[in-house]
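> Quick mapping for you: the protein sequence lines, in order, are chains A and B.
The first sequence maps to residues 1 to 578 in the UniProt record's numbering.
The second sequence maps to residues 1 to 578 in the UniProt record's numbering.
Please keep in mind that the hints were generated in silico from the structure rather than gathered at the bench.
Note that the coordinates shown come from a computational prediction; the quantities given were computed from them, not determined experimentally.
Positions of the beta carbon are idealized from the N, C-alpha and C atoms, including for glycine.
Careful, some of the hints might be misleading.
Stretches of chain B that chain A covers, calculated by requiring three or more beta carbons in the stretch to come under 8 Å of a beta carbon on chain A [unchecked claim]:
| no. | stretch |
| --- | --- |
| 1 | 290-299 |
| 2 | 500-510 |
| 3 | 534-546 |
| 4 | 561-568 |
There are 2 protein chains.
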Amino acid sequence: MILLSSSGLWAFSTLIGASGVWALWPIPASLETGTSALTLPSSFTVDVAVPNAPWDLVQAVAQTQSYLENDKLGRLVVGRGANDSNAIQNGTPLSGLKLTLAEGSQVSSISSEAVKPLGNRSEEYTLIIPQDGSQATLTANSTLGLYRGLTTFTQLWYYYDGVIYTLLSPIKIVDKPAYSYRGFALDTARNYFPVPDLTRTLDAMSWVKLNMFHWHITDSQSFPLQVSLYPELADNGAYSPKEVYSESDVQYIVSYAAARGIDVLLEIDTPGHTAVIGTSYPDYVACLDASPWATYANEPPAGQLRFAVPEVVNFAASLLSSIAQNLVSKYFSTGGDELNTNCYVNDTVTQQQLNHTGMTLNAALNTFTQATHGALIAQGKTPVVWEEMVLNWNLTLSNETIVMVWISSADAAAVVEKGFRIVQAPSDYFYLVSSLHPVLSVTTTLNQQDCGAGAWLGNDSAGNSWCDPFKTWSESYTFDPLANLTEAQYPLVLGGEQLLWTEQSGPQNLDPIVWPRAASSAEIFWSARQPSGAPLNVSEALPRLQDIRYRMVQRGVNAIQLQPQWCALRPHACDLDA
Amino acid sequence: MILLSSSGLWAFSTLIGASGVWALWPIPASLETGTSALTLPSSFTVDVAVPNAPWDLVQAVAQTQSYLENDKLGRLVVGRGANDSNAIQNGTPLSGLKLTLAEGSQVSSISSEAVKPLGNRSEEYTLIIPQDGSQATLTANSTLGLYRGLTTFTQLWYYYDGVIYTLLSPIKIVDKPAYSYRGFALDTARNYFPVPDLTRTLDAMSWVKLNMFHWHITDSQSFPLQVSLYPELADNGAYSPKEVYSESDVQYIVSYAAARGIDVLLEIDTPGHTAVIGTSYPDYVACLDASPWATYANEPPAGQLRFAVPEVVNFAASLLSSIAQNLVSKYFSTGGDELNTNCYVNDTVTQQQLNHTGMTLNAALNTFTQATHGALIAQGKTPVVWEEMVLNWNLTLSNETIVMVWISSADAAAVVEKGFRIVQAPSDYFYLVSSLHPVLSVTTTLNQQDCGAGAWLGNDSAGNSWCDPFKTWSESYTFDPLANLTEAQYPLVLGGEQLLWTEQSGPQNLDPIVWPRAASSAEIFWSARQPSGAPLNVSEALPRLQDIRYRMVQRGVNAIQLQPQWCALRPHACDLDA
Chain A
1 MILLSSSGLW
11 AFSTLIGASG
21 VWALWPIPAS
31 LETGTSALTL
41 PSSFTVDVAV
51 PNAPWDLVQA
61 VAQTQSYLEN
71 DKLGRLVVGR
81 GANDSNAIQN
91 GTPLSGLKLT
101 LAEGSQVSSI
111 SSEAVKPLGN
121 RSEEYTLIIP
131 QDGSQATLTA
141 NSTLGLYRGL
151 TTFTQLWYYY
161 DGVIYTLLSP
171 IKIVDKPAYS
181 YRGFALDTAR
191 NYFPVPDLTR
201 TLDAMSWVKL
211 NMFHWHITDS
221 QSFPLQVSLY
231 PELADNGAYS
241 PKEVYSESDV
251 QYIVSYAAAR
261 GIDVLLEIDT
271 PGHTAVIGTS
281 YPDYVACLDA
291 SPWATYANEP
301 PAGQLRFAVP
311 EVVNFAASLL
321 SSIAQNLVSK
331 YFSTGGDELN
341 TNCYVNDTVT
351 QQQLNHTGMT
361 LNAALNTFTQ
371 ATHGALIAQG
381 KTPVVWEEMV
391 LNWNLTLSNE
401 TIVMVWISSA
411 DAAAVVEKGF
421 RIVQAPSDYF
431 YLVSSLHPVL
441 SVTTTLNQQD
451 CGAGAWLGND
461 SAGNSWCDPF
471 KTWSESYTFD
481 PLANLTEAQY
491 PLVLGGEQLL
501 WTEQSGPQNL
511 DPIVWPRAAS
521 SAEIFWSARQ
531 PSGAPLNVSE
541 ALPRLQDIRY
551 RMVQRGVNAI
561 QLQPQWCALR
571 PHACDLDA
Chain B
1 MILLSSSGLW
11 AFSTLIGASG
21 VWALWPIPAS
31 LETGTSALTL
41 PSSFTVDVAV
51 PNAPWDLVQA
61 VAQTQSYLEN
71 DKLGRLVVGR
81 GANDSNAIQN
91 GTPLSGLKLT
101 LAEGSQVSSI
111 SSEAVKPLGN
121 RSEEYTLIIP
131 QDGSQATLTA
141 NSTLGLYRGL
151 TTFTQLWYYY
161 DGVIYTLLSP
171 IKIVDKPAYS
181 YRGFALDTAR
191 NYFPVPDLTR
201 TLDAMSWVKL
211 NMFHWHITDS
221 QSFPLQVSLY
231 PELADNGAYS
241 PKEVYSESDV
251 QYIVSYAAAR
261 GIDVLLEIDT
271 PGHTAVIGTS
281 YPDYVACLDA
291 SPWATYANEP
301 PAGQLRFAVP
311 EVVNFAASLL
321 SSIAQNLVSK
331 YFSTGGDELN
341 TNCYVNDTVT
351 QQQLNHTGMT
361 LNAALNTFTQ
371 ATHGALIAQG
381 KTPVVWEEMV
391 LNWNLTLSNE
401 TIVMVWISSA
411 DAAAVVEKGF
421 RIVQAPSDYF
431 YLVSSLHPVL
441 SVTTTLNQQD
451 CGAGAWLGND
461 SAGNSWCDPF
471 KTWSESYTFD
481 PLANLTEAQY
491 PLVLGGEQLL
501 WTEQSGPQNL
511 DPIVWPRAAS
521 SAEIFWSARQ
531 PSGAPLNVSE
541 ALPRLQDIRY
551 RMVQRGVNAI
561 QLQPQWCALR
571 PHACDLDA
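Pulled out of the complex, with its shape left as it was, chain A reads as follows (with noise of 0.2 Å):
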């Protein structure tokens, strides 16, 4: 329908019927859709056609079924429905979906086949719902491919008047991620956010697919891990008794991670980002809590382990190795971002310590990096770090290191150069919110840092707030991942995620400052593409974000608002160029 306002304009127009693709996100790598009205019945079932089909499997089709019944979505379209009830009237009821794994597939676990290796998960599916009723199918070659062909399934179904349909019928995706590792970043030192705020957002990193958790647990401002053999660290550190993460916490993340085909990349910050440690072990910290902090660290408060000190180096390596030792994910991250050298140049312990061995602290570091890798590699963990650790310092990494790029994603390359398979995090498009204040002090490169909540330092007012702006969901769209690589490289591109520092931010903002934002990463690294092999484009992606913004609220996930409801309903009305 073409409105004509009566100053004889043309205004935006609406194909009746064209429901388009805009509930799938991420955007399947392969899609065929028709135009015929499908309806689930009650009477619609699942069936699991895998033999031992294993209790996360069992879980994911429940789930699934729940959604269905209860996203009760309508579709973003003025009315919200109202006009498909002639189709709806006319649908085919489908009876049905099976799954089954394909033949000489190994049936195992979501929960084991998500931890696997990162180049070893199969996450790949095929669906396809006829527009006869007859049973739709759901195949792929791993259990946790079934779950990600599920996931799909349920963004498939629209809302009205007491139906559930759709409008695609018939439907054949067959999908694949593009790249292994599609991560979401939470740092919970902070701030901390307690357990149901953490299996919510799995939950919603399960929505659109994402496959790694990054928890930055520990930071200088508080320790909220509990720690068996080092119990103290988490009765000084945590803000409070009840902010703390038990080991069982712990596990039961993992384990609900897992079932939703998420591993987790613990991170314990080493050895900047420890000032915490010093209310434990103040002899093991330099310039702790010093002032003024800004000479010391890239905020407050300051303290970095003094890594040249050999029983500091013994403790880092236990600490990381017996937290580690619970943990099923492959990967632990040890951190090595933003160490400050003017606390070890003022430290009278750690010159010492570098005067009696007669290393120069890049060697202090490195010892101090292998025992802590070298006891994670013990353990068959692949350490992951920050890119300054192969940037800034001259170490000998593990070629296994990954290394995640954040300081703007030109470093990419440089990294790359160095042979290390790397994990897109650049501050210039995925951080969430600002970390850091630029200290101009301190010779740091943040200027470019992801902001957009201005100044969360005191006494540092109007005028003086620094930061950038805020990284929108298009922003973050347009990332590259190949950017400035040659083809040759792209395959040590592992993947990205978008990262959620939390100096300003807590269990009150974490849905809306995370979705649907953090879903922009979700598509650039599952799908990378359009199924049509065009780029990702933010003009068609917009309606399909809203959509899945939408979904997310009525899944109980406070997604904000992108913008007015009445350009959500009305897809392009709001572009730029209407």
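Given chain A's structure and the hints, the job is docking chain B onto it.
Chain B only, in chain A's frame:
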């Protein structure tokens, strides 16, 4: 206790027992405190020594007691009050609080006092809390003043290990607001907010003594307000049948607000911002849904009332007065911002009308405005408009008209020059989120628009994000309401408000995006200065803002984290220069 780190550097110091006055926001006009501990025993009673105490005062007392019992806010220091144990154990139980009105005071309800003309409301109070446990006294000249005092009283108390206490007695507070208009504006048209979101917002407003709820209830995108004389407006213009405000909803909000000392200023923005009226009266609207919208509007959809047409003039006057007649407030806003003249230049109907009457567009706007304002004035209402009605057009407005200055803080002087009373709503300080995209082809002065959430239009990604940084609480806090004005003009500044435009907000992020930032203006316009007479200071203020932020969370308002909790527990430790 002063901490010495091993490196010999001085760490920050904490003074035992110095709890300061961090809890009070806005800071009272005059404040004397001591260092003696008082506790609130279960036998604590509030004696309402007011004859025929109005129902809303009785409710306020009950709500006060509820806050006292349930806030359970641990003092914002390391240990959350554990170090106060000794003081608490030696604390004196406070027997009660007596409320009285000064002799000669009229006993009327909070609700009736709250909606008096702005200069006539009595909000002052005196609160005296002796250190010996004898009855505290709260006196005022009105029940509204008592309400303000009760609000302050609830901010004094902390909780540790089962005991409610303060460390500040004896306390003497003599308090009154510097400005009569202290507001918060919410746009419920770009996105809809259910009534509970509004009542919760009113509660939070009351906790910081905000007294004007500026309800921007309709706009181009939706018309959620049910008007009995024009039911089609909401029938066709609301986002859905559920996303409406019935007349009862409005009355409930007005009543709920008034009982909390808040007057509701409703705004029906005209003649711009009215595209949605075209869904019922297409003939009344020029450039309805015109494309490209950017030629005809600041944001989509385009559409503005044909104010040159007599039938439209009558309609608007009738609409506004039919709404206003049901409202107790003395104030009603007709809006009048961002009128796009292209819209009328190209509108045949408008041009024909102007030719027919020989009027200019300006003259027609004058006729329109005289009609709408005339109708409101006839009902005893004072019209409120946006600054363009005074600065961009040559209109005959009543001297009583209140003008909201928003484009930039510099325009205040220009408006005041013309003799109008103003409300400060500057986008460069007080916009919590941007409302607009700086459409380059439209001549506006919006470049300094507060933003921070990036562009919300579609097809408008990265790099082009034009928005200025997000306005932090401290940037807002540095606003000077009297800048560029002569002392003789000061009385024309009624006060100010912070504003949430909701193109990119909804119920999901309402609390964290508004609070505690909107408390900045609450202090600017209640306190204006520190009790000492010194100007407001962001360094001094932050610990108190943190306190009210944490208290808001205890009371069920999801105020955002301003800093890492580590900083909240160590006032000034995270200052820029700490």
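> Hint compliance check: list the failing hint numbers for this structure, sorted ascending.
none
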